[in-house]
Amino acid sequence: MESNQMKRQCTAFRLPAILTGALFAGTLIPVWLLGGCAIGKPVPEAALYAIEPTPPTSSLPRKPQTLTMGRVRVAPVYAGKSLVFRVDDVRYASDFYNAFIAEPDDMLASRIAAWLDRAGPFQSVAQPGNRHGSSYVLDAVVNELYGDFRAGRAPEAVITIQFRLMDLTGISPSPILERTIGRRVRLPEQSPEALIRGYGEALGEILAELAIALADAL
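Numbering-wise (my numbering), the sequence shown opens with residue 171 and increments by one.
Just so you know, these hints were derived from the structure itself, not from any lab. All of these numbers come straight from a predicted model, not from anything done at the bench. Even glycine gets a Cβ: it sits at the ideal position worked out from N, Cα and C. It is possible that some hints are incorrect.
Said to hold, decoys possible - Label pairs and their calculated CB-CB ranges:
(1) 341 / 234: 19 to 25 Å
(2) 385 / 247: 28 to 34 Å
(3) 342 / 299: 16 to 22 Å
(4) 340 / 215: 33 to 39 Å
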């Protein structure tokens with residue numbers, strides 16, 4: 171009975187196949203993913219993280235229009251809760267034991283709406299699902315969301331988001347702004363904590379650039 175229990179614990183902590191293959195190929199893997207399975211020890215719980223964008227350093231002049239945050243879609247490879255990192259030029263791996271506290275699409279939609287509500291240029295910004303009376307809706311597609319931990323280079327947090335601002339005041343919705351903005355933020359170390367802080371810095375810079383573009387489009 172004890173042997174079977176130990177076996178179940180080890181199986182639960184097995185590294186993803188793509189990561190195991192990278193190890194055998196000699197690829198450098200972050201130390202925080204190599205805890206392994208100690209026989210007789212309980213399987214560790216996942217550490218949970220939230221992306222907090224750097225707060226706006228200034229606010230834009232408020233215009234009378236209102237905005238609702240629309241749908242945020244995340245590319246399938248990054249859409250799960252597990253943190254994703256790049257192993258080499260063609261391989262990626264996910265880390266079940268370090269994960270987002272919520273689905274990344276919902277989390278990012280909430281963060282983007284709150285950030286723009288503080289920074290302007292809209293009179294107010296509503297959270298997703300509340301379009302009543304809004305002049306505009308902002309949709310987004312997250313094309314990249316990963317830690318670049320390839321060997322031989324400094325680790326980086328990578329985010330790229332495609333935004334579309336839709337005007338709801340006409341007979342039918344019409345796009346008035348489409349912009350793709352990306353950032354790569356260098357990290358001091360290869361760790362989940364550094365990656366999450368890097369995501370926050372990258373997202374803050376992306377939203378600062380977006381806010382200016384939105385103001386110009388109104």
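Here is how each hint holds up against the structure:
| no. | hint | verdict |
| --- | --- | --- |
| 1 | 341 / 234: 19 to 25 Å | 21 Å, holds |
| 2 | 385 / 247: 28 to 34 Å | 33 Å, holds |
| 3 | 342 / 299: 16 to 22 Å | 21 Å, holds |
| 4 | 340 / 215: 33 to 39 Å | 51 Å, violated |
Violated hint: 4 only; the structure is consistent with all others.
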